[in-house]
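A.B. asks: The lines below spell out each chain.
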Amino acid sequence: MRDSIIWKIGGEAGFGIMSAGTMMARAFARVGYHTMVTNEYPSLIRGGHNLITVRISPKYFESMNREVHILVALHNPCIELHKDELNENALVVYDPKDHEWQASDFPKPVHLLPVPLMELVNTLNGSPVMRNTVTLGVTLALVGADFSILESIIRDQFKKKKQPVIDSNIALAKSGYDYVKKHFPDETSMYLSKAEKKEPQLILNASEAVGLGAYRGGVKFAAIYPMTPINSVISFFADHAKQLKIVYKQPEDEISGINMALGASFAGVRSMVASSGGGFALMVEGLSLAGIMEVPIVINLGMRVGPATGMPTWTEQGELQFVIHAGHGEFPRIVLAPSDAAEAFELTANAFNLADRYQTPVFVLTDKYLAESHWCVPMSHFKKEYTVERGKMVNESDLPADRSYKRYRLDVDDGVSPRSIPGMKNGVFFSNSYEHNEKGYVTELASERVAMANKRLKKFNAMKKDVPAPHVYGDKNADITFVSWGSSRGPVIDAMEMLRAKGRTANLVHFTWLYPFPEDEVAKLLSTAKRVIDVEQNASGQLAALIREHTGLKIGEKILKYDGRPFYPEEIVEGVEKSL
Amino acid sequence: MRDSIIWKIGGEAGFGIMSAGTMMARAFARVGYHTMVTNEYPSLIRGGHNLITVRISPKYFESMNREVHILVALHNPCIELHKDELNENALVVYDPKDHEWQASDFPKPVHLLPVPLMELVNTLNGSPVMRNTVTLGVTLALVGADFSILESIIRDQFKKKKQPVIDSNIALAKSGYDYVKKHFPDETSMYLSKAEKKEPQLILNASEAVGLGAYRGGVKFAAIYPMTPINSVISFFADHAKQLKIVYKQPEDEISGINMALGASFAGVRSMVASSGGGFALMVEGLSLAGIMEVPIVINLGMRVGPATGMPTWTEQGELQFVIHAGHGEFPRIVLAPSDAAEAFELTANAFNLADRYQTPVFVLTDKYLAESHWCVPMSHFKKEYTVERGKMVNESDLPADRSYKRYRLDVDDGVSPRSIPGMKNGVFFSNSYEHNEKGYVTELASERVAMANKRLKKFNAMKKDVPAPHVYGDKNADITFVSWGSSRGPVIDAMEMLRAKGRTANLVHFTWLYPFPEDEVAKLLSTAKRVIDVEQNASGQLAALIREHTGLKIGEKILKYDGRPFYPEEIVEGVEKSL
Amino acid sequence: MTLNSSVFAANHLPTWCPGCGDYGIWTALKEALVKQGIGSDDGLVVYGVGCHGNMYNWMNIYGFAGLHGRTLPVAQGVKLANHKLPVVVVSGDGDCLGEGGNHFLHAAKRNPDITVILHDNQVYGLTTGQASPTAKIGFVTKSTPDGAVDAPINPLLLAIAAGATYVARGFAGDTPGLIKLMSDAVEHKGFAVVDVLQPCVTFNKVNTYQWYRQRVYRLEDEKYVPDNKMKAIERAMEWGDRIPIGLFYKEIRPTSEDHEPALTGDPLIRVPVASEHFDSVLQEFV
Amino acid sequence: MTLNSSVFAANHLPTWCPGCGDYGIWTALKEALVKQGIGSDDGLVVYGVGCHGNMYNWMNIYGFAGLHGRTLPVAQGVKLANHKLPVVVVSGDGDCLGEGGNHFLHAAKRNPDITVILHDNQVYGLTTGQASPTAKIGFVTKSTPDGAVDAPINPLLLAIAAGATYVARGFAGDTPGLIKLMSDAVEHKGFAVVDVLQPCVTFNKVNTYQWYRQRVYRLEDEKYVPDNKMKAIERAMEWGDRIPIGLFYKEIRPTSEDHEPALTGDPLIRVPVASEHFDSVLQEFV
Ligand SMILES: Cc1ncc(C[n+]2csc(CCOP(=O)(O)OP(=O)(O)O)c2C)c(N)n1
Ligand SMILES: Cc1ncc(C[n+]2csc(CCOP(=O)(O)OP(=O)(O)O)c2C)c(N)n1
Ligand code: SF4
Ligand code: SF4
Ligand SMILES: [Mg+2]
Ligand SMILES: [Mg+2]
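Chains as they are written, first to last, in this note's numbering: chain H, 1 to 580; chain P, 581 to 1160; chain B, 1161 to 1446; chain C, 1447 to 1732.
Bear in mind the hints are in silico, worked out from the structure with no lab data behind them.
Please read all numbers here as calculations on a predicted model, not as lab measurements.
Be careful, since some hints might not be right.
[Stated by the list, open to error] Heads up, simulated DSS-like pairs for lysine-lysine below, C-alpha to C-alpha not over 25 angstroms straight-line:
#1 H:554 / P:1104
#2 P:741 / B:1365
#3 H:554 / P:1038
#4 C:1530 / B:1410
#5 H:182 / H:160
#6 B:1365 / P:739
#7 P:754 / P:677
#8 P:1110 / P:1035
#9 P:1138 / H:458
#10 B:1365 / P:740
#11 C:1635 / P:822
#12 H:524 / P:741
#13 H:384 / H:406
#14 P:761 / P:741
#15 B:1391 / C:1696
#16 H:558 / P:1035
#17 P:639 / P:964
#18 H:578 / H:558
#19 P:822 / C:1677
#20 B:1383 / C:1635
#21 P:1138 / H:554
#22 H:455 / P:1138
#23 P:1134 / H:458
#24 H:554 / P:1045
#25 H:392 / H:406
#26 C:1696 / B:1296
#27 P:1044 / H:558
#28 P:1038 / H:578
#29 P:1035 / H:578
[Said to hold, decoys possible] Computed footprint of chain B on chain H, listed as stretches where at least three residues anywhere in the stretch have a Cβ under 8 angstroms from a Cβ of chain B:
#30 196 to 202
#31 207 to 218
#32 434 to 447
#33 512 to 526
Cβ atoms here follow ideal geometry from the backbone N, Cα and C, with glycine treated the same way.
Bound conformation, chain H alone (with noise of 0.2 angstroms):
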């Protein structure tokens, strides 16, 4: 029995693999096991390779790692392409009409498992795309799960079709599970350790995650140009737009993008946008705008391999300086980097309550790694308390008969000025991207520029008093001391039980707050370190820049990964070992 089973499937795009991934990691998320997602595929919309991987535990984990345990290969590629990685005693999935597979093809021993999927297909009159379900069943009958939870997901996953067609699926599916277990019934050897009944789980995706965060956080107005990895965050606002009273456009460009969201923000409602590295590119301007207007914006920036379009459907941590100190002139921001999809719910609502009490921009970075795989999620995360705090708003009956109202007065410890909206009775301003005086009208006077600059970037100060330390994972004094931001926290984690079981302690210093920096914190936490590595997926370590600008530390080792996918657990243990 197994405590972890590592699956994968392959095939050309449009093969219904993606849903494959996911209906597995649900199935079995139900009967309380742990689940992960993650996808590989080429920027093109057919042909080409496509993989799905899912790793289920009876345990938590965080990451995916180099074991494979069940390869199903919907194409030959698929063998050729990944039957190196294999564990010794793999299982190999295949259509024996595809490719006869010898045993001398792979370079360590596996079992091969021939499964004539396309005519278990024909047999039930299914189409050549509902070998995926066909493989679903021979997946759980290899690892010795029960027919019913796959069953009762078939018929979720397709309850808005017609019943012939989720019988039909169920059929097939079935088809596959019998089929294994008159085949190969002594085939026992991936049978999973059994799970606890846990509360119920939620697989979704980062995006989907920042999408029901943004609900959580009272969103009206999401203004988005496609670009992956972030799509999903529009599905997620067009699907339930009129469900959730949300208004989704899109817009002809990411510059209008960013307008829209700040003329929805401006007249009163949370609003967002979210992008790509060249997509958010384009905002540049606009977010120097929501700087010096100080209207409230949610960012969320899914970063992925650049420079330009680069490998738009792999992964990277390579903006954190950009959203950084991106935008001309000087005006606060807040930048978060949630760890995985847990995370980004609840940052991405955080972000709104953060942009409204600085009305400053406020960003959630992502990433593809992130925002594409799917995550498992307990449901009592999302049912935490939560308080929509809408800041320094007025209310119309308290703005002055007089028409004294200012909507940037000075005077604000925090610099932040109570806000009207317009429309309010009494409570006229201008929202100037020139620089103003205290009720919005240009003003070019040394004086008043100081006095608005200042007011500004008081906010920096103020929000001090919110910027969390690092999360520190792991025993305190350990030998080593990783740093880490967003979504490289899951392989560091993991790296460390690894690490653990060679004798070797180490610790996890981890952002997901990353500006304004938390300097004093970092400072301490660090300088008593005994070995610190940066891992970060980019490559020139702008985490360990960002440490060093704010701290004056150095950090000499590095493990950095730059290839678009994300790291291995097992890619950072060697890392701390290569460079011992």
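With chain H held as given, fit chains P, B and C with the ligands onto it using these hints.
C.D. replies: Chains P, B and C with the ligands only, in chain H's frame:
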């Protein structure tokens, strides 16, 4: 006899005071004086108060200072706004028809010189705008200069106009000159010491210097959308396009601008863009494109007060960190920042060689103070040797007939691969915003991605040999070490002089090459300094942050100014004394 | 209390050049707002960056003076957040058709209930006189010292082609005519474009008041009926000895806001944050 | 050696979905280039980002695959640097009319000697199926689950209104027709737009080959003469049971390059860097 005169003329926009300032500077430069012209005006077309300041001295100087010797008022607000700034016994020229000023209106004693400007103009059938010409004559008399130097300037200034225009302007100037000689024969308090005749001097602003530098650098294409303070770059190109065989295009927006320029550069000619922060913000995606495609491009960014539209006609150094980190993904770039028009010429010409040598974007950061002030630069400066070096361009005849040419070949130590240009026989390649292989075709293989990213990043190392150490002005062992960049140099150098007069020694570590950052040299220079003071025209001390990021050294003392006005040397002296 | 245009008086005095066409437009806009019963607190003007946009400093009504070229996205965002708020856009030919050309196209396509006043002076005034997208061939400016060479953009033709539902042209020298056009534009439910022929006395020495007065004629004087796209296009292309002003085209089709399922009732700014659907949405992911 | 389209063969095989309209366009483009005597080394194709743009991977000719929406500025920059180089733009409805709408307008206005092939499939294919600017009302996509609501952009009407001098529509299912239109477009001196009705078999289940075949008719079959703007506009607005394909409008006016005083002789790339005027320019500032 005086060694330095500061003359101010103020009036409404449209009163022709801008050209009065440059004519004044030119007239004196021609006979050996060192001169400088700055302007202050609101972002309005008419109305408001425009001010021109001209400093004239037989000796070299670097900046304006707080003295005002002669104030010429073309309207009353000029006196109201500036009377507190006047030196004791300053001369105040005004038209008694506008207002009968009394000595008691001024905080300090002044010499009131009522001159019936309008009457003199009317007598000679001039138009009201020609009062500026009269005041030039007045001023010449007041500083004891020969009328002939003005006469020749007027001839040149109006040489495209008809003879009667020239004659009438000369007559007007003469009438002002004669009026002073006749009515204030004893007013010799502001007579200037004689200057020695020097080689010819150019009077030009830094935007014109950028234009000249670009021409020197062989620019053939510029796409520039209008924006203060770089509109003189446009005028330079538009006016000289035919003569110099340059194509200047006014694009529909800045995004188009940079993409046009990249197209032209890719096609084989040297090309550039110019803008201010807000326009550059729109080019950020294009910047990243240049990075991955390895297309050379020169970007002149004229900084002004931000964020957003800010104070568009006022100066700031607010975009240093922005340009260093602009763009999604990681790629090499070079950031240069001239200190005056002379360096603007030189660094722009060099920027083209660097852009070609490294096939990457090169920034020339100017600001409103540089770009719209007129500087006095000796002719010989422009005649220094300069060679156009196009870097690794292939010859069509060297391209292998087997069509094996690879535009992005990896086996290059400096990361720079030889370029072909479209239309060359056997030189086909793909200029690709996607990550690519040596030929330019898309790739998403981990190994190819890493190899190509490394090739690009190798340029950083290669550049190191070109990075000059910051320039050190003054005594190495001084008590105070200033650090500054770009346009702050002038006031700091003049402040050092003032400090010396007060018995304090100071030196300056000054940066015109900002990125890649010369970290080793700086660490060496600063680690032995006694008292380091950062002087920058922004609110956060961006150079200080850069120094800390790259050396770990924290600069505790900062003299920062962000009210839109350039530093006065006196302010720096005060800053030094205050923070003692 | 009856509304009058003095409610819009602000502390600043206009800084436009004496004689600038913007004065006439400004006067007309204030009167048009009054006619529509919109006072200082009741509506929003979104301004572009240019001489035209400087108007916000002498206009006492909720204002948003954003980035050069981005008036229309801002206005649409506002309108979607609060579809009961009257929104007028004050933009220039550079702002709206140069930097902001794409937004003009797409706003027309969506038909938000917004009125755009396009200050059409053929130049970039504020940056001291470069050619704008409407500059006619041969027009000498700082950026075209040998005269403009590109075909000018025809704002009316473009507006009609892209789907605007109220398309008119006024003349800054004809305040009464402008008031009527602007007031009707604000009243119109949909994307209304009022292109205004605006003399720039400083940088456009060709298209002066005089020049326009000799050429403009009123469409209504010719019994023109603005209900036909082809006819409207034909008139829009007329430019020379005779230049039509008035309403070229009008059509009623649902606005951008009408289409939004979330906007059937109160404006979004009044819809309380609700979590009644939160559980059911979470359930989708289990 | 006579040129044939196999010179364009590259290592990669197309990854478009089987049946995608892009195959037909690709085939036609290669043939049109051959017809115009343009081989691998003789011209440049600038590609947008979208399914259409993926073509560069299986097209062996100088290529520039830049940013989403920015083909036309790049193409114009190239053309001004080397006005002897044939330049073709392969763009999509999202690329050219969404992200890049402003450039489309302004390119048409300037009339550079460039041919644009607009892959018009009404969707954002590469981002897996959102509505594009040409999506017709009611069209269900990922971003419009209740059907598109905005008026679609009409690329032909827009091209004509903005000043394009060769405006045609082809159908991806009619390769011979496309070859002719594209070849003529490349030959045309000026800004040529070929809008291609392109079935997207994956995300557009409405406008299929079948759907188009039932509706398209050839303008030339109706003795239509493409020399009149108003007539062209009228035809451009026809969409429904009958959809015209062919050449709608053609006009000869000087190109953007013709207007440049620096481009009277050799292309700029061949003009040596000269400093003969340096002294005289310096002298202006003394
Ligand atoms: C992104 C950006 N680019 C350029 C500018 C500079 N700019 C300010 S106003 C203006 C042109 C204004 O022209 P128009 O819209 O026609 O207004 P007008 O002054 O003629 O009323 C430009 C280019 C800017 N503010 N922002
Ligand atoms: C600035 C930017 N925004 C968004 C994207 C994402 N993106 C890639 S292709 C595409 C749409 C393509 O649509 P279209 O031009 O119609 O091409 P098609 O795929 O239909 O051929 C988008 C939005 C991008 N690459 N860059
Ligand atoms: S420059 Fe022209 S548009 Fe601007 S204020 Fe003066 S006259 Fe009006
Ligand atoms: S998604 Fe549509 S446009 Fe893209 S390749 Fe497939 S069929 Fe063609
Ligand atoms: Mg204008
Ligand atoms: Mg498309």
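A.B. asks: The structure should be examined with respect to each hint, and the outcome stated for every one.
C.D. replies: Checked hints:
1. H:554 / P:1104: Given that 25 angstroms is the threshold and the Cα spacing comes to 17 angstroms, the pair holds.
2. P:741 / B:1365: holds (18 angstroms)
3. H:554 / P:1038: holds (22 angstroms)
4. C:1530 / B:1410: Given pair residue 1530 of chain C, residue 1410 of chain B is violated - Cα atoms ~46 angstroms apart, limit 25 angstroms.
5. H:182 / H:160: violated (33 angstroms)
6. B:1365 / P:739: holds (22 angstroms)
7. P:754 / P:677: Measuring from Cα to Cα gives roughly 21 angstroms; hence the hint holds.
8. P:1110 / P:1035: Not OK: residue 1110 of chain P and residue 1035 of chain P at ~41 angstroms, beyond 25 angstroms, violated.
9. P:1138 / H:458: Holds - the C-alpha atoms of residue 458 of chain H and residue 1138 of chain P are around 18 angstroms apart, at most 25 angstroms.
10. B:1365 / P:740: With a Cα-Cα distance of about 19 angstroms, the restraint between residue 1365 of chain B and residue 740 of chain P holds, given a limit of 25 angstroms.
11. C:1635 / P:822: holds (23 angstroms)
12. H:524 / P:741: violated (72 angstroms)
13. H:384 / H:406: violated (37 angstroms)
14. P:761 / P:741: Status violated; Cα separation ~29 angstroms.
15. B:1391 / C:1696: holds (22 angstroms)
16. H:558 / P:1035: OK: residue 558 of chain H and residue 1035 of chain P at ~19 angstroms, within 25 angstroms.
17. P:639 / P:964: holds (23 angstroms)
18. H:578 / H:558: OK: residue 578 of chain H and residue 558 of chain H at ~11 angstroms, within 25 angstroms.
19. P:822 / C:1677: violated (39 angstroms)
20. B:1383 / C:1635: violated (41 angstroms)
21. P:1138 / H:554: Distance ~23 angstroms between residue 1138 of chain P and residue 554 of chain H Cα, so the pair holds.
22. H:455 / P:1138: Measuring from Cα to Cα gives roughly 19 angstroms; hence the hint holds.
23. P:1134 / H:458: Judged against 25 angstroms, a Cα distance of about 22 angstroms means the pair holds.
24. H:554 / P:1045: holds (23 angstroms)
25. H:392 / H:406: holds (13 angstroms)
26. C:1696 / B:1296: Answer holds: residue 1696 of chain C to residue 1296 of chain B is near 21 angstroms, not above 25 angstroms.
27. P:1044 / H:558: Holds. Residue 1044 of chain P to residue 558 of chain H sits at ~22 angstroms (cutoff 25 angstroms).
28. P:1038 / H:578: The hint holds at about 23 angstroms.
29. P:1035 / H:578: holds (23 angstroms)
30. 196 to 202: holds (count 3)
31. 207 to 218: holds (count 5)
32. 434 to 447: holds (count 4)
33. 512 to 526: violated (count 0)
Consistency with the previously given hints fails for numbers 4, 5, 8, 12, 13, 14, 19, 20, 33, ordered from lowest to highest.
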